[in-house]
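Colleague: So the protein sequences, as listed, match chains D and V.
Just so we're aligned, residue 1 is where the first sequence starts under the working numbering, counting upward by one.
Just so we're aligned, residue 1 is where the second sequence starts under the working numbering, counting upward by one.
Calculated directly from the structure, the hints in this document are not laboratory data.
Be a bit skeptical, because a hint or two may be false.
For identical chains, the list gives no copy identity; a pair is met inside one copy or between any two copies.
[Claimed, not checked] The calculated DMTMM-like cross-link candidates involving lysine to aspartate or glutamate, where the alpha carbons are at most 20 Å apart (straight line), are:
| no. | residue 1 | residue 2 |
| --- | --- | --- |
| 1 | K387 | D336 |
| 2 | K365 | D300 |
| 3 | K209 | D271 |
| 4 | K365 | E114 |
| 5 | K88 | E56 |
| 6 | K302 | D332 |
| 7 | K55 | E17 |
| 8 | K88 | D58 |
| 9 | K55 | D24 |
2 protein chains.
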Amino acid sequence: MALIVQKFGGTSVGSIERIQAVADRVIASRAAGHEVVVVVSAMSGETDRLLRLAKEIDPHPHPRELDALLSTGEQVTIALLAMALQHKGQSAVSLTGAQVPIETDTAHNKARIERIDGTRLRSALAAGQVVIVAGFQGVTASGDITTLGRGGSDTTAVALAAALQADECAIYTDVDGIYTTDPRIESRARRLDRITYEEMLEMASLGAKVLQTRSVEFAMNYRVPVRVLSSFTDGPGTLVTSEENNMEAPRVSGIAFSRNEAKITVVAVPDRPGIAHAILGPVSAANINVDVILQNVSEDGKTDFTFTVERNDFDRALQILRGVAAELGAADVRGDTGIVKVSVVGVGMRSHAGIAASMFETLAKENINIQMISTSEIKISVVIAEKYLELAVRALHAAFGLDEVGS
Amino acid sequence: MALIVQKFGGTSVGSIERIQAVADRVIASRAAGHEVVVVVSAMSGETDRLLRLAKEIDPHPHPRELDALLSTGEQVTIALLAMALQHKGQSAVSLTGAQVPIETDTAHNKARIERIDGTRLRSALAAGQVVIVAGFQGVTASGDITTLGRGGSDTTAVALAAALQADECAIYTDVDGIYTTDPRIESRARRLDRITYEEMLEMASLGAKVLQTRSVEFAMNYRVPVRVLSSFTDGPGTLVTSEENNMEAPRVSGIAFSRNEAKITVVAVPDRPGIAHAILGPVSAANINVDVILQNVSEDGKTDFTFTVERNDFDRALQILRGVAAELGAADVRGDTGIVKVSVVGVGMRSHAGIAASMFETLAKENINIQMISTSEIKISVVIAEKYLELAVRALHAAFGLDEVGS
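Sequences and hints are given; from them, build the entire structure.
Modeller: So this is what it looks like as structure tokens:
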């Protein structure tokens, strides 16, 4: 007998019919002998409906009251799912974030979980009940309702699994697992049986659509095994877990990419100590994230300084940089939004040399020019022109042996 | 400076526009120097929408989960009203029943309030905040959400007024007060400035549409002055209060009536001790309320036994009585659903003789046959044929001087 936390998102509970299907799935897990805690989101569309009501009153609604409003969405789902289970003969009880309680800090609309008291959950489980917990919400020490920010139901599920030392946290989504790359770009992409937390974080460009980054960090910190599964089809999904269980890992697990990139170059800036801070300080002060950074070798006391930002921050960053460049005596500031980032990800890199060389060779064979390079322990990223994205992803997917066997 | 509890029903908060209007009304009360606690219902239609979702799953939804579901309706309203007040510059805070807390027993779907802790309310009021409380809901000692049954928001408002020793509990509705009789039947009906709790209870046939009986009982027990007002027009409304303040009361305050009546007669039943219990015991065991009762003078050891029940209980009561009558050796059981009850109500009756005589004389003049009579300290009721309802109400309204002056 295992203790499993199962999380179902808004689409999976989007209608009474789907709630009934979730109830059946939960009952099947009980029948297999497991104890089950279920975390659910609001029915799809409900959070948006409530948000529209609030914005009719105030474009920037009072944060505490917005949380009181939005938290009703999940409360509706937990009650309906509990009814469905009871009606099918499975004893069940619904708990709001405050009823668990899931204690958070007071940062309304983006609260962080501080403490989960598992007493009530454990006694309900011991009594043979399925416990259904409202995702995305918590309560402050003084009893105010908070929300964890959108998508926070994944975090609720992982946090509950950690607090209860559950055997597994199953995240039911609209995809059947994590793939070696986006199947819309490479039809030979394979579902991975396992992936490490670190890889999952690096695969953000794939993973973000499936798992909230924050919930993966949480799972990694508390070593909670997370399984990504489809709520609509059966299958083993992908187990996100720690490296120890993954000794036979291939060198490369997947090819990630991001289109949300733009590049800015400050041309011929005088090369003196502190230049990087002089350029990037004002950018980061404007709350713009800088990703890949490249400083050319100095020539005649001048250097070119290049970095990438998210594409939707590009205009703002460029404006800031024009001011900075003038002050620093740079010759020019140039921008380019026609770039993408492609990454090779794999914990196997740690023990395998030559991954970077293989990557560069593969891209060279396809005549793809590499504009910037960035490496981490388990990832190599390159910035290339956007038009090469699909070609690069497919070539790397094949070169690192990720193609589906037999396709 | 007074402390006022204001209650707004579902129609009064049925749209964002109306919620804004309620906010303006609350701000006007604050501007007049009052401390304000607001109790609101779910937006009109919302409770029915949630109930439909539940019934799609189970025609008899699990009571605890139904309460968790339905309580979200009021939670949405309190959050939206708090946002509206904040946006208009009035500091405000929303509280669910659990957050107040309003402690109830564990009778889900029809819970009774046991205790209200006013600490949080008082400190919010002291900080200059308007406090907005979700009506119709409470919480058990073990943290489960309960509801007071439909219309329970009136009870919440009166209970809060009692707990806070408020100066007045203002119930905003879609009528502008309590009338001497139903204006749809007698256009000369007058709005009453004051009415006693006892009269309000006796006027149930008028009052039930305006105030929940239970909330009136609560107000009477705790001597909470209740004012019935329109949320859509200005005016003083009707003050429901205790008799001490009402020495100048007229003999009769209003003419009440009920169409929800049916009459059953057990004919020629042997007249022996215990006969009333033999007949009514099985009826009351079936949870059917008996109202007016009449036992004829005995003739040849036989008597006719007649009583009224609510019209929707008639078929069930008749079926029970046929069995009972056979056992008791009665000649027959006869039923009649074509009857109504008309009542003259007024605390002034206590000190004025001859009200009954005037009532009977008035009805005789109109050739209306009285079938049954029932009296209490402040009410005289007669059962008559339904076809005479309007005629009787208008004749009595005029006879007791209730007609609007000048109409």
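Colleague: Each hint: holds or not?
Modeller: Now the hints, each set against the structure:
With identical chains, the CA atoms of K387 and D336 are at most 20 Å apart within one copy only, with a shortest distance of 13 Å there and 87 Å across copies. Taking the shortest alpha-carbon separations for K365 and D300, neither the intra-copy value of 34 Å nor the inter-copy value of 120 Å comes in at or below 20 Å. Taking the closest pair of Cα atoms, K209 and D271 never come within 20 Å of each other, the shortest separation being 41 Å inside a single copy and 83 Å across copies. Taking CA atoms no more than 20 Å apart as the test, K365 paired with E114 passes in neither setting, with 51 Å inside one copy and 79 Å between copies.
For the homomeric pair K88 and E56, the shortest alpha-carbon distance between copies (13 Å) is at most 20 Å, but the shortest distance inside one copy (40 Å) is not. Taking identical chains as interchangeable, the C-alpha atoms of K302 and D332 lie at most 20 Å apart only when both belong to the same chain, with a minimum of 12 Å there against 116 Å between chains. Taking the closest pair of Cα atoms, K55 and E17 come within 20 Å of each other only across two copies (13 Å); inside a single copy the shortest separation is 30 Å, beyond that limit. For the identical chains of this complex, K88 and D58 are inter-copy neighbours only, at 10 Å across copies versus 42 Å inside a copy, given an alpha-carbon limit of 20 Å.
With identical chains, the CA atoms of K55 and D24 are at most 20 Å apart between copies only, with a shortest distance of 18 Å across copies and 37 Å within one.
Violation of the numbered hints given earlier is confined to hints 2, 3, 4; the remaining hints are satisfied by the structure.
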